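Number of protein chains: 2
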Amino acid sequence: MRKIRAALAQINPTVGDIEGNVKKIVSYIKKARTKKADIVIFPELAVTGYPPEDLLMKPHFIQDNIDALKEIEKASKDITVVVGFIDRIEGLYNAAAIVSNNMTVDVYHKINLPNYGVFDEHRYFIEGKRFPVYNFAGINIGVNICEDIWTDKGPVEVQALMGADLIVNINASPFHAGKASFREDMVRRHARECKTSIVYVNMVGGQDELVFDGGSFVADDKGETTIRAKQFDEELIVVDIELGKKKGQLSAKKRVELKSLLEKDKFTGKVKIPFVEIKEKKTGVRKKKNRPLSVEEEIYGALLLGTKDYVLKSGFKGVVIGMSGGIDSALTATIAVDALGKENVCGIFMPSKFTSKESYEDASVHAKNLGIKFHTVPIDDLFGSYNKSLAKHFKGQKVDITEENLQARIRGNILMAFSNKFGWMVLTTGNKSEMSVGYATLYGDMAGGFAVIKDVPKTIVYKISEWRNKKAGRELIPGRILWKEPTAELKPDQKDSDSLPPYSLLDPIIKAYVEEDKSFEEILELGCEIECAQRVISMIDHSEYKRRQAPPGVKITPRAFGKDRRFPITNRYKSY
Amino acid sequence: MRKIRAALAQINPTVGDIEGNVKKIVSYIKKARTKKADIVIFPELAVTGYPPEDLLMKPHFIQDNIDALKEIEKASKDITVVVGFIDRIEGLYNAAAIVSNNMTVDVYHKINLPNYGVFDEHRYFIEGKRFPVYNFAGINIGVNICEDIWTDKGPVEVQALMGADLIVNINASPFHAGKASFREDMVRRHARECKTSIVYVNMVGGQDELVFDGGSFVADDKGETTIRAKQFDEELIVVDIELGKKKGQLSAKKRVELKSLLEKDKFTGKVKIPFVEIKEKKTGVRKKKNRPLSVEEEIYGALLLGTKDYVLKSGFKGVVIGMSGGIDSALTATIAVDALGKENVCGIFMPSKFTSKESYEDASVHAKNLGIKFHTVPIDDLFGSYNKSLAKHFKGQKVDITEENLQARIRGNILMAFSNKFGWMVLTTGNKSEMSVGYATLYGDMAGGFAVIKDVPKTIVYKISEWRNKKAGRELIPGRILWKEPTAELKPDQKDSDSLPPYSLLDPIIKAYVEEDKSFEEILELGCEIECAQRVISMIDHSEYKRRQAPPGVKITPRAFGKDRRFPITNRYKSY
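If you're matching them up, the sequences are chains A and B in order. Residue numbers for the first sequence, in my numbering: 1 to 576. Residue numbers for the second sequence, in my numbering: 1 to 576.
There's no promise every hint is true.
A pair counts as met if it fits within one copy or between any two copies, since identical chains are not told apart.
DSBU-like, lysine-lysine: derived pairs with alpha carbons at most 35 Å apart [stated by the list, open to error]: (1) Lys24 with Lys491; (2) Lys388 with Lys289; (3) Lys179 with Lys58; (4) Lys518 with Lys3; (5) Lys129 with Lys58; (6) Lys288 with Lys518; (7) Lys353 with Lys230; (8) Lys58 with Lys70; (9) Lys230 with Lys287; (10) Lys518 with Lys129; (11) Lys70 with Lys484; (12) Lys395 with Lys491; (13) Lys388 with Lys245; (14) Lys495 with Lys289; (15) Lys317 with Lys179; (16) Lys58 with Lys484; (17) Lys77 with Lys317; (18) Lys357 with Lys77.
The set of hints was computed from the structure by calculation and includes no laboratory data. Here the structure is a predicted model, which means the values were calculated and not measured.
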């Protein structure tokens, strides 16, 4: 049986930190060498972090990234390294360097550049045109990058036709719930159809709104997953990959097949095959697959990692959270503690005359359960001061949304004062249902550095909270928070349901309209009244200006707000 | 002499308002017919407004835009119409419909899709592959769209080689200072080199951060501008275009030339030439060119139109502005009055113990000069209330930036209260110098719906203010505001120069770093100290999180913040 020992280096680089990333890469190369790996594989753009966005416009940034390859070359004695970086040849390429024995033997250029959803790769990169297959002591290896594997009749098929025994696909693939298994199934189908083993190496870590979830894996040439890394954590997996029967030279028939494919896809360029010495065969070192995660585990894992990396990579240590006694701030505080440790989280309770006794009990018990700092700052005096200062100007005007917003903004100011004074980042607590319909106050509860659950619909907020309590084996989040009716407590006896349809109805409308671009007729089929659907859609459309000023938060759905959904603020289109 | 009477319909559509835009288009067709025009030409995506962004993901939006063409067909009796819309054939095209005598005779698909700067056209559209030339009663007309004219060896050259006597280029070309003359020179060069008249029709109007500045024009086949529309205003210009000697059929030589060009650019597809009846020749109706604007006129015109359209198209009538007695709020208020009328502008002066007597005098005299509502809301009591509420928690801590930010945030809250109570949009007053280095308070002076001068560097703020006073023939903005030293008045004797280098040095560094991606070495050549350059660059990099939560504002430079500069917040790259 032919074998190759591969090390999957599922690392968490930081955008822009070329020096730090290269240090990490070099340390993983050393570990892989210790474990006698033939080849060590890093994610897409591991050198720069992903996505570097408009840093790519800076010529000195590109140069620093190219210079950094020298450090990797130096570290590559007796091992082959595949690592993502930016190549520059009269333009930029999203590239993979194949570095072996102290030299860069070839550079692969990504062919399929995604320019949808959160991706802007046509803004920066030129499409590659070559798909080399490397002969590695008798084993043929094809390298390609992320989106390259998402098309049929693309680089994977071409490299397989050219005789690749193994395809190495390096990634920075952003998470949304359910994507990991979808992705793995797709890659396994390729492996089965091409009769070629595939090593899929993903980045891990949070970058602004994105989380890269790891979950790297190997699929054998029958399409079975033989090894799977953890999601949401760095890991070096060293594994012996058994390769099928040698594919050998291309048959005449295959050449013809390949030729038409090449022409069809307008690929040009020659195939370069450098030879590299393979080391002696060894027995495997890692055989256990990590199990796939449940939906709740996946979402919670993404929220935790996204929050942790945003806070820490931004240079903060602690966070401060307005705890209202409601479910959203309860879940946010719980995630913060799991991500940063209880000593780095502070809860502030800011009651008004509209705040119930139960809210205080629930918030304070929860804070105690979490073991965090917890302060109470009442806002009634402040609210009184504003009313006094404005009385002359608002004479004869009715009490309205102004006074509700004022309370929320006083709370925002208090949290920001704690942030400024102690260097803690404010985490905001709004969920996707609220962000969609604009049930939130700009500069009030929307004020803060990171919006942990902004892409989590309210119905899922409940599910995850229940899951977290179950995992804790106790009511870590007090039970009443999970079943009492949601309220903003900004006026007497206020309930969310006064202003909004029930969340069980609202959330499917939001999904259909925001994430799936369904028409009005299709939305009515969800079973809501015409007037209700119109009102929800209108609220979503008219809240774009608020979302544009919201802090970033973790993407967990196929379409989050932010780079994922680019909507005009000035917009008179009516979908109903 | 062969002539064609063309009507350049420089209109201001609203994104998403398909019904309203088509009504406007039909009314302009009627006006053009009254003036006996042979052809009436509308801007790029006139039917939907530009850029529709992710509205393009909604199938029903596309369908509504296609259905709208029927209204235009109905209105096109005895006249030919060129109008921008979205075509759909297994994907979307940025298209121009050629509608004549109640039917759509052809559809042109934009070939060059911009995907840089503020543009995302690869996100939405497929590239066109055909470049038809229409025979119009013996006159050959080539139609193309915006970016198509910005490349040599592109659609313009091909259509000219195919015998086009006239090129019609329709646009939604976003403004930055100096672009109009650059654009006109480029088009004139094409006309001269191709020996073909070119009609350039641009959109006018504000859309979120963009302003389309109009300035449509005709260049004759010698490359001279024969007519020029106003900038920043709707206009229908009817003009008789004299065409050169008939180009006739393609010569054998030209066919060969064309063939190689076609192959080079990978263009395919047949040329379709529908015949349209031309009306009898008439004498010209418009011969006067509008003069090009000065830089100050251009920038002020863009700020005025951008503000007016953002406020009015968002459904607001009035605005409220915090007037500090400083230059930024003075210029913002002046623009607001010019854009919306003095009866729709309210100034709020919010003094603290750090506010000077001069500040009050300057703000109140200016408000009086403008004739606007002006209220004073002191903030000391409110500031005292916050300090009291926070005293217990901040015990033993020094007074620092927290207290400065608190004052700014109290002012933000007051302005937002006026906004909520009276339905006025808050205009923020920060300039580009401040936005760059983060010399502004989130949820404080950054709180509001539109940031009028966020892309105007401080040095230009002064220039434009001086120009506006000169135009008024008096000190509309009190003279002292123009010469006194800038201060935020958030602590005793504070001056901008305590925290920042002089603006005359700061602004060139910002331009070099933000707009031109210059390296550290190149920035030092501007004549600043190493430590100063390091500090400015570091401040710019570390303020990205603030900018991400800023309201939109008018783009007037080649690279504004916003869609124009997509920067990671989490970013450890150091340019120095």
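> Which earlier hints turn out false for this structure, listed by number in ascending order?
Replying inline: 1, 2, 4, 6, 7, 11, 13, 14, 16, 17 and 18
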